[in-house]
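Starting from the known structure of chain P, arrange chain Y on it as the hints suggest.
From first to last, the protein sequence lines stand for chains P and Y. The first sequence begins at 1 in our numbering and counts up one residue at a time. The second sequence begins at 1 in our numbering and counts up one residue at a time.
Just to be clear, a hint being listed does not mean it is correct.
Unchecked claim - Stretches of chain P that chain Y covers, calculated by requiring three or more beta carbons in the stretch to come under 8 Å of a beta carbon on chain Y:
1) 272-284
2) 335-345
Stated by the list, open to error - Partial list, computed: chain Y residues near chain P (C-beta under 10 Å):
3) Ser29
4) Glu56
5) Tyr58
6) Leu77
7) Ala97
8) Gly121
9) Cys126
10) Arg128
11) Lys159
12) Lys161
13) Asn322
14) Pro327
15) Ser341
16) Lys344
Don't read these hints as lab results, they were simulated from the structure. The C-beta atom is built at its ideal place from N, Cα and C for all residues, glycine as well.
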Amino acid sequence: MKKISSINDFVIKFANVNGSGSASANQMFAKGVFRSGIPVSPKNIFPSNIQGLPTWFEVRVNEKGYLGRREGIDISVAMNPQSYGDDIKELKSGGYLIYDSSWKRDFGREDINVLGIPLTELCVNEFSNPKQRLLFKNLGYVGFLASLLKMDKDIYISLINEQFRGKEKLIEPNVKALEIGYSYAEENFKDFCDIQVNKSNKTEGLILTSGNDAAGLGCVYGGATFCAWYPITPSTSLAESYSDYSEKLRIEIGTDKNKFAFIQAEDELAAIGMTIGANWNGARGFTATSGPGISLMSEFIGLAYFAEVPSVIFDVQRGGPSTGMPTRTQQSDLLACAYASHGDTKHVLLIPSDPNECFDFSIEAFDLADRLQTPVIVLMDLDLGMNDWSTKEFDWDDTKEYDKGKVLSKEDLDGMEKFGRYLDVDGDGIPYRTYPGTHPNKGAYFTRGTSHDEYARYTEDGDKNAEVLSRLLKKYQTASELVPKPVFNQEKSTSSIGIIYFGSTDCSMQETLDQLDEENLNVDAMRLRAFPFNLEVWEFIEDHDLLFIVEQNRDGQMRTLMMAEGGIIPDKLVSILCFDGQPITASYIKNKINAHLSGVPAKTA
Amino acid sequence: MTYITKPINHHPRLESNKLGLTRRDYEGSVSTLCAGCGHDSISAAIVEACFQLNIEAYRVAKLSGIGCSSKAPAYFLNQSHGFNSVHGRMPSIATGAAMANHELLYLGVSGDGDTASIGIGQFIHCARRQLNMTYFVENNGTYGLTKGQFSATNDLESKSKYGDENLFPAIDLPSMAIQLGASFVARSFSGDRDQLVPLIKAAMCHKGFSLLDIISPCVTFNNHNTSTKSYDYIREHNEALSKPDFVPLGKEITTSYEPGESSEVSLHDGSTLSLTKLALDYDPTDKIIAIKKIQESQRDGKVLTGLLYADPSAKDLKEILNITDQPLNTLTQEQLCPGKSALKDINDNLK
Numbered sequence: 001m002k003k004i005s006s007i008n009d010f011v012i013k014f015a016n017v018n019g020s021g022s023a024s025a026n027q028m029f030a031k032g033v034f035r036s037g038i039p040v041s042p043k044n045i046f047p048s049n050i051q052g053l054p055t056w057f058e059v060r061v062n063e064k065g066y067l068g069r070r071e072g073i074d075i076s077v078a079m080n081p082q083s084y085g086d087d088i089k090e091l092k093s094g095g096y097l098i099y100d101s102s103w104k105r106d107f108g109r110e111d112i113n114v115l116g117i118p119l120t121e122l123c124v125n126e127f128s129n130p131k132q133r134l135l136f137k138n139l140g141y142v143g144f145l146a147s148l149l150k151m152d153k154d155i156y157i158s159l160i161n162e163q164f165r166g167k168e169k170l171i172e173p174n175v176k177a178l179e180i181g182y183s184y185a186e187e188n189f190k191d192f193c194d195i196q197v198n199k200s201n202k203t204e205g206l207i208l209t210s211g212n213d214a215a216g217l218g219c220v221y222g223g224a225t226f227c228a229w230y231p232i233t234p235s236t237s238l239a240e241s242y243s244d245y246s247e248k249l250r251i252e253i254g255t256d257k258n259k260f261a262f263i264q265a266e267d268e269l270a271a272i273g274m275t276i277g278a279n280w281n282g283a284r285g286f287t288a289t290s291g292p293g294i295s296l297m298s299e300f301i302g303l304a305y306f307a308e309v310p311s312v313i314f315d316v317q318r319g320g321p322s323t324g325m326p327t328r329t330q331q332s333d334l335l336a337c338a339y340a341s342h343g344d345t346k347h348v349l350l351i352p353s354d355p356n357e358c359f360d361f362s363i364e365a366f367d368l369a370d371r372l373q374t375p376v377i378v379l380m381d382l383d384l385g386m387n388d389w390s391t392k393e394f395d396w397d398d399t400k401e402y403d404k405g406k407v408l409s410k411e412d413l414d415g416m417e418k419f420g421r422y423l424d425v426d427g428d429g430i431p432y433r434t435y436p437g438t439h440p441n442k443g444a445y446f447t448r449g450t451s452h453d454e455y456a457r458y459t460e461d462g463d464k465n466a467e468v469l470s471r472l473l474k475k476y477q478t479a480s481e482l483v484p485k486p487v488f489n490q491e492k493s494t495s496s497i498g499i500i501y502f503g504s505t506d507c508s509m510q511e512t513l514d515q516l517d518e519e520n521l522n523v524d525a526m527r528l529r530a531f532p533f534n535l536e537v538w539e540f541i542e543d544h545d546l547l548f549i550v551e552q553n554r555d556g557q558m559r560t561l562m563m564a565e566g567g568i569i570p571d572k573l574v575s576i577l578c579f580d581g582q583p584i585t586a587s588y589i590k591n592k593i594n595a596h597l598s599g600v601p602a603k604t605a
Numbered sequence: 001m002t003y004i005t006k007p008i009n010h011h012p013r014l015e016s017n018k019l020g021l022t023r024r025d026y027e028g029s030v031s032t033l034c035a036g037c038g039h040d041s042i043s044a045a046i047v048e049a050c051f052q053l054n055i056e057a058y059r060v061a062k063l064s065g066i067g068c069s070s071k072a073p074a075y076f077l078n079q080s081h082g083f084n085s086v087h088g089r090m091p092s093i094a095t096g097a098a099m100a101n102h103e104l105l106y107l108g109v110s111g112d113g114d115t116a117s118i119g120i121g122q123f124i125h126c127a128r129r130q131l132n133m134t135y136f137v138e139n140n141g142t143y144g145l146t147k148g149q150f151s152a153t154n155d156l157e158s159k160s161k162y163g164d165e166n167l168f169p170a171i172d173l174p175s176m177a178i179q180l181g182a183s184f185v186a187r188s189f190s191g192d193r194d195q196l197v198p199l200i201k202a203a204m205c206h207k208g209f210s211l212l213d214i215i216s217p218c219v220t221f222n223n224h225n226t227s228t229k230s231y232d233y234i235r236e237h238n239e240a241l242s243k244p245d246f247v248p249l250g251k252e253i254t255t256s257y258e259p260g261e262s263s264e265v266s267l268h269d270g271s272t273l274s275l276t277k278l279a280l281d282y283d284p285t286d287k288i289i290a291i292k293k294i295q296e297s298q299r300d301g302k303v304l305t306g307l308l309y310a311d312p313s314a315k316d317l318k319e320i321l322n323i324t325d326q327p328l329n330t331l332t333q334e335q336l337c338p339g340k341s342a343l344k345d346i347n348d349n350l351k
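Okay, chain P solo, but in the shape it has when bound (with noise of 0.2 Å):
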C-alpha cells in the first residue's frame, strides 16, 4: 500500500459534527504542532448553524511557513458519518483516513491507508457521564494523531493543564481521553504512518492568533475607549476581544471602575452612530461589523464623512452578496466600503494581511481617523479575522504617541481671533476641530449633515457647498500620502508583468511567488495596504505592461478601484478572482497566471 512520506509537510483536516465540542480540541491539535517549533495555519470551515450539521478544521503544518490553504488533504479524521462521501474523496491517493471504528465500516477506495480507532467503545468504558463520553471522543482522537506522528505526548499534556487551569478537576479525566487515544495507537499502529512532526525552530518569535483577537487587542493599545457594535459573525470576535482584554488591561486601579465603554448596540445603526458620537466628543471609538453591517451604516458613515469626524469601522468580510455565506471568507466588500454612502463619498481603508498587521492597523487607524477626521475603514475578511495563524509577536513602541490630530484646546481658542471649523487653514484640507466643553465662548459649533460653509453654518449657496466638497477632495489626496505605503516583494521592478495582491491572500501569495521563481518566470509583485491609493501604487502600474490582480470576489473589486482612481487602461489589468468562500490557494494563482501566459485569458473581469 502507498503510503504519503513527509516531515512537518502536510495537511489535515478534521470532518466533526458541530456543537459537539471538537472545534477545542482540534485547536488544541494545532497549537501542540506549533508548540513543536512548526508553523501551522488552522482553519475552521464551519456552518451558519448552532449543532447538528457537519464543521470541518483543516490544519496545514508546514515548516518552510507557508499558510495558506492547501488542497488535497494528506490525513483525515473523519468523525462524522454524514460527510464520510465528501471527507473520502478528498483524500490523497496514499493517505490516511482516521475514522471511529465503533462501527466498522468499507470506505471504497483501496488507495488510502484506513485507520480505525473504537472511539465510541473505548469512551464509553472509560467514562460513565454521558456528555463526557461524547466529548471526549476529541481529545480521544488527538492523542491517537499525537502517537501517530510520533509528537511529544507532554506538550499536549501541558496544553491541558493550561486548558482548564482554575478548573483542576477536569484536567485528569482530559488527560486521561488523551491516553486512551495514545495508547490505542501506540499498540495497533506503531511506526505506521509515514508522515511525522519532527521537533523544530521555526516558530520563534511567532505566536498563533486570529486577526480578530489582534485587532480588539490593538484597539485597546490604539487608545480606544469606546465601542459600539451588534452581533454579526465573522466580526463578533473582535468586539469581544477588545472587551476581554479592556476587561484585564483597563481596569481604574483603586476604583474597579472601567476605563472603557463597551455596549452591544440594537442593531448597526445604532453601533455606528454611537461611535461617530463618541468620537465627535473627543474618544476613540470603533465599531466592529460585517458586509450586512456596512450597507446598514452607510447613511451615518456618509454624515462622518461630510461632517468631518473621525470613527473607525472594522469590517470582516465574509461572503456575500445580501445574508451570502457567513462562514465564508471574500474580500468582496472594497467598493461598498470605499465609497459608502450616497452623493460623493470616498473613505480611507486599511487592508492588513495578517494578525500582526491588524493589531498594527487598529492602532493607525485611530490616529489616522483622527488625523483626518474622516472615517477609517480596516477591511479584514473571515479567514484573517476568525482562524489562528502563525503570525510575527506584536510589537509595540513606548516611545509611540498618539496622533490626535489638529484639535483646538482651550489656550488655542484663547489666542485665535475667530474659530472656523471647516476652514482649510493649512492648506492639507483638513480644517481644526474643537471638542464639545472646551471654552466658555469660544469653538462651539453646530455639526451637519446638510450642506455648510467654513463656519459650520448651513447654506443653500451652491458655490459654498461646491467648495467644502473640493476641499474634501484635497484631504483625500493628503490622506494617500498618509496611508500605509504598500509592500513591495523585491527591491526593484525588473519584469514587465506585475502581481497585485492584498489583505489574506498574501499567505498564498508567497508560496505562488517562491513557485514561479522555481519555473523561472520573473514577476514583480506589490502587496497593498491601504486605499486612497499612494504614488507608489501608481509607479508600479506604470511600470509594468501586464498586472494580475488577485482577489477573492467576483467582479474584481480592487481592479475597479485602480480603473476609477486612475485611469488605468482595463486591458492592461488582469483579474485572477476567487469566489468560492474558501480562501484562496497558491497553486490556484500560480495555474491562473501560468494559463494566462500560456494564452488561455483570465478573466478581465
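Then chain Y, alone, in the frame of chain P:
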C-alpha cells in the same frame, strides 16, 4: 437666505443670572420655523430654564435628528456645540457622546416623526439603557418639512388639513417610555410656559433618561379644527396632573399646602420638583398608576400633562456600565495604553 445671525446688541438693563448672563446670552440664531410654531415656544422655554438654572451653555451639547424639530437646536444656546445628525438616529449620537464625556448636559431635540417612526428603535433602546439626557419630543402629529403627512403620534380621530382620515392609532411615547424604564417622564404643551419651564428644569437636573413629550402645534399643517394637536384642542382638553414648581438646591419650599394637595420629587442634584396636585389620587412615583392614568385620560379624550412618572433613585447608563468618573475623552495615553511590558505576557500566552 440660509441662516440669520441675531444682532448681539441688547438693552443694557436686562436681568442677569448668577453667572452675569442675560436671557439673550442663551439664545441662538433667528428661527426659520413658521411664525407661531410651537417649537419656537419650546426653544424659548429651554432658554428660560437654562437662564434660571445658571447653566454654562458651553457645558451643554444639543443633539437632534432631522425634521422641523431637529432644526430647533440652532435657535437656542449659541455657545453650545450642536449636532444635527441623521433622521431618527439622535439617540445613538447622544449615547456615544455621553459615554465619551458624562460631565456635559445632553439635550436631545426630536419630533414625532423622528422619534415615533424612523427613530423608534433608537428611542426605545436609549430609554431602556437609562442614558443620562433630556429628550424633547416636539410633538405636532405631522410631517411639516414634507408638507403635512400624518405622523405616528397623530390620533386616530384626527383628520388632516385636507380632510384625509387617519387609519392608524397613535403611539403614546410617555407610556412606552415608562414601560421601558425611563426614569423621568412628563408631557406638556408648548403653549403652557408655566408648566413647561419647571418641567424642563427638573428634567435637566434629573440623572437618567428624561422624556419631555411636548405637544407643539404645527400652525401650517395641523392646527385646523379637525386636528387633536391644534392650539385650541389642547387648551380645551388639557388635563394637568399638577402645577409644577422647581425649587433649586438650598431654597426652601415656601408655599403651604393642605395635606394631600402637594408632593415633592427630590432630584439627584439636591433640587426639588414641588407639585401642587390637581389630580389628588395621583402618585408620580408609581409606574402602574401612571400608565393607568394615561390610558384613562386617553379613553376620556383628554390630554394628560404634567409630571407623569419619576424615579429619582434610578441608575444611569454610566453607573450601569461602571465607567470611571474621569471623562473617557480626557484619559491620557499613559492611562490608556498598557505599553510594551504588558505585551510580553500577552505574546507569551499566545505561544
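Status of the hints after comparison with the structure:
no. : hint    : verdict
1   : 272-284 : holds (count 12)
2   : 335-345 : violated (count 0)
3   : Ser29   : 8 Å, holds
4   : Glu56   : 7 Å, holds
5   : Tyr58   : 5 Å, holds
6   : Leu77   : 9 Å, holds
7   : Ala97   : 4 Å, holds
8   : Gly121  : 6 Å, holds
9   : Cys126  : 9 Å, holds
10  : Arg128  : 9 Å, holds
11  : Lys159  : 32 Å, violated
12  : Lys161  : 27 Å, violated
13  : Asn322  : 5 Å, holds
14  : Pro327  : 8 Å, holds
15  : Ser341  : 8 Å, holds
16  : Lys344  : 9 Å, holds
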